[in-house]
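K.L.:
Each chain is listed here by its residues.
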Amino acid sequence: MAIIRTENLHFTYQGEENETLHGVNLEIEEGSFVAILGHNGSGKSTLAKLFNGILLPNEGRVLVNGIDTTHEDKLLDVRRTVGLVFQNPDNQIVANVVEDDVAFAPENLGVEPDEIRRRVDSALKTVGMYEYRQHAPHLLSGGQKQRVAIAGVLAMQPRCIVLDEPTAMLDPVGRREVISTVTRLCREEGITVVLITHHMSECIGADRLVVMSEGRIVADGTPREVFAQVELLRSEGLSVPVTTELIYELNQDGWVLPLDALTVDECADAVAAALK
Amino acid sequence: MLKDITLGQYFPGDTIIHKLDPRTKLILVIVFIVALFLAVDWISYAFMFVVTALCVKVSTIKLKSILKGLKPLIFIIVFTGILNLFYTQGGTVLFDWWIFTISTAGIKRAFLMIVRIMLLITGTFLLTYTTSPIALTDGLEMLLNPLKKIKVPVHEMSMIMSMALRFIPTLIEETDKIMSAQKARGADFSTGKITERAKALLPLLVPLFVSSFRRADELAVAMESRCYHGGEGRTRMNALHMARRDYLAFLAGAIVLGGMIAMNIYGI
Amino acid sequence: MDAVIRVENLTHTYSVGTPFEKTAIHNINVNFYPGELVAVIGHTGSGKSTFMQHMNGLLAPTSGHVYCDGEDIFATKEATRDVRFKVGLVFQYPEYQLFEETVYKDIAFGPKNMKLSADEIDERVREAAGFVGLSEELFERSPLELSGGQKRRIAIAGVIAMRPKVLILDEPTAGLDPGGCEGIIKNILDYRERTGSTVLLVTHSMDDAARIADRLVVFHEGSIAMDGTPDAVFSHPTELTAMGLDVPQAAAIAQALRERGVSLPQSIYTLEQLKAALVPLRKGEN
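Residue numbers (our numbering), protein chains in the order written: chain A, 336 to 611; chain B, 639 to 906; chain C, 2 to 287.
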């Protein structure tokens with residue numbers, strides 16, 4: 336069963352005339368790593384907040400593990416199933432000490448103190464921040480803060496984590512820390528990961544890539560399939576990885592290279608083979 | 639730079655005073671204040687001085703830090719001293735000019751009052767020096783818990799306190815950044831008349847407010863996403879619990895208070 | 002050519018005499034020349050931000066000197082204040098510094114602090130808005146109700162309106178989507194082209210640096226580790242990686258191709274260069 340399923344989802348912000356989402360139908364398979372790509376204002380962040388009932392649809396519905404997010408009695412069930420991590424790490428850390436922050440969600444859920452301690456330690460170890468458990472969050476680097484935020488969500492033991500542009504405010508080092516952490520969560524812990532981003536390079540490791548534009552899904556497939564649609568991505572104001580772009584440009588010049596070479600090595604292999 | 643300001647008065651440590659439950663410390667500070675006000679004469683003041691000195695010694699807080707804390711209050715201390723010096727009559731008159739009269743009783747009383755204020759301040763500082771702000775907030779919340787029955791929003795108040803503590807460093811950093819950015823556009827925060835300076839603060843305050851509201855908004859969404867729904871049914875990872883040392887501390891507090899009541903009755 | 006900014010033995014230590022004492026930059030010597038577009042690179046904590054804030058006098062050096070047009074900018078209080086207008090500094094996420102009721106007034110804040118005449122201010126505001134592609138229809142709107150990308154343009158215009166001889170931008174594209182980044186980069190190139198100003202661009206993106214800069218200055222642990230043309234700097238990929246920095250994607254592909262026996266020249270670090278080098282190879286074989 337899909338962990339998140341949206342049916343004909345429409346959404347308009349209060350006080351605004353234009354609809355932000357126009358009928359989104361999407362199923363996220365449990366255990367998969369899905370990247371959602373789109374330029375600013377494409378509706379991708381709105382979608383994230385609809386996934387855990389922070390926003391509620393105007394039309395259509397969102398099912399989390401089969402539960403409708405408008406079902407008020409089940410709201411906590413929805414939110415502990417789908418955890419959200421946001422862009423600005425400073426604005427989602429609530430406590431003065433790292434481990435107290437990670438404990439926040441299980442405390443809200445009324446978990447027993449011993450069990451909270453166990454979950455906090457395990458979440459911090461998973462994101463590699465256990466040694467920093469007594470630190471003050473404002474003294475950490477951006478990447479470290481974002482990993483603490485991920486641990487804070489992990490402590491709810493969610494089945495799915497949705498990250499809304501988690502790397503937008505980070506430097507390259509922090510970006511790599513966060514992406515490798517979420518990739519590991521999906522591959523080793525079996526947690527569903529939905530990564531919302533506009534960095535192409537972060538999507539390469541995903542199982543599936545969904546491209547949003549003006550509140551609609553305009554492409555959906557494996558990264559190889561989607562990045563091969565170079566013209567579409569360009570017209571959406573998105574760039575493609577340099578590897579794909581090179582192959583595309585060379586093909587324009589009459590080469591015949593497979594467009595699905597994504598990594599540097601795959602690209603070099605393809606070009607080198609064509610020259611042999 | 640703004641960043642250099644040290645925040646809070648907390649000196650982490652591992653002494654028995656640090657380890658006491660914050661509720662115990664809050665109650666004992668009240669006991670301490672009451673006891674201090676029961677003091678009447680040399681012996682009882684000396685007793686309280688010894689008690690305070692012992693606590694400071696055990697807490698391993700440096701005398702220098704305590705004196706530094708007393709410094710901003712020096713005016714109040716001196717003022718109280720002078721007031722008592724001139725307003726207390728009795729004993730031998732040592733000095734008399736116009737409306738000013740200094741007597742031996744005045745000197746004694748001024749001295750004891752200064753000792754009382756200094757002990758009072760030292761005692762309360764000991765609380766904030768040995769207890770982290772968060773532990774203090776937690777302790778206060780739990781002590782005030784019974785007030786929930788009469789609809790006092792105790793949980794919300796303590797949440798606001800701890801959020802404020804959490805965001806002070808963030809906002810200081812932000813103020814620093816905005817200030818630099820406006821200075822880079824020629825803003826001048828340090829010269830000019832008072833009215834001009836107040837006006838110069840506008841470029842600082844407007845962005846700070848805007849960003850604080852944005853932060854508050856994002857924080858609220860993040861908290862809701864992490865299943866926050868008020869204080870109801872909430873548990874704590876580090877639930878406060880009284881240990882043997884807390885009961886011993888209460889016992890010590892009771893003995894001091896009892897002693898002070900006895901001395902008060904005998905007027906020594 | 003005379004340097005517009007000359008930096009001599011610049012050292013800055015934070016919190017001198019406290020346990021938190023930390024030397025952020027150490028004995029830096031560097032010159033910037035008129036009309037150059039220099040990319041300043043280095044990971045967080047490499048000292049580049051501290052360095053930048055000395056260029057317009059926001060931070061005073063612990064030791065050393067900074068000269069702008071041959072004048073020591075820390076010689077007098079007046080000199081330190083005047084240099085703010087000669088060296089324009091756009092901070093990271095500058096949209097959070099906007100405060101006026103209208104876009105026009107916000108852009109005019111810098112020129113007004115320069116005590117210019119109303120006509121002069123008006124001319125500069127319009128010119129600066131033009132450089133960043135802000136339409137004059139937005140002038141009477143409140144900056145707070147505009148989109149993030151527009152706010153950033155307003156903030157950049159607010160610095161350009163001071164007509165600085167040197168424009169410093171600290172990660173002007175941070176947090177923007179690819180379309181937004183492209184727009185800002187184009188504005189900056191256009192501005193440099195039309196005014197001939199010196200531009201210092203602090204960036205994490207090696208691809209941007211490779212594409213637009215005349216010269217790269219690489220900071221590492223408080224010192225300048227490399228300083229030269231993109232050609233010179235990107236021919237040391239191993240050193241860059243050791244400093245925790247990326248090499249441009251195109252350079253990485255070129256290197257991978259060389260390892261596979263394709264003979265390519267050393268100086269390839271943009272997509273255009275790589276394509277130009279590859280196209281004749283295939284035609285030659287046919």
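Warning: the hint list may mix true and false statements.
Restricting the straight-line Cα-Cα distance to at most 20 Å, the calculated cross-link-like pairs of lysine to aspartate or glutamate (EDC-like) are [stated by the list, open to error]:
(1) C:Lys276 to A:Glu351
(2) B:Lys815 to A:Asp588
(3) A:Lys384 to A:Glu365
(4) A:Lys384 to B:Glu862
(5) A:Lys384 to A:Glu364
(6) C:Lys276 to A:Glu601
(7) A:Lys384 to A:Glu351
Just so you know, these hints were derived from the structure itself, not from any lab.
K.L.:
Please list, smallest to largest, the hint numbers that this structure does not respect.
P.N.:
1, 2
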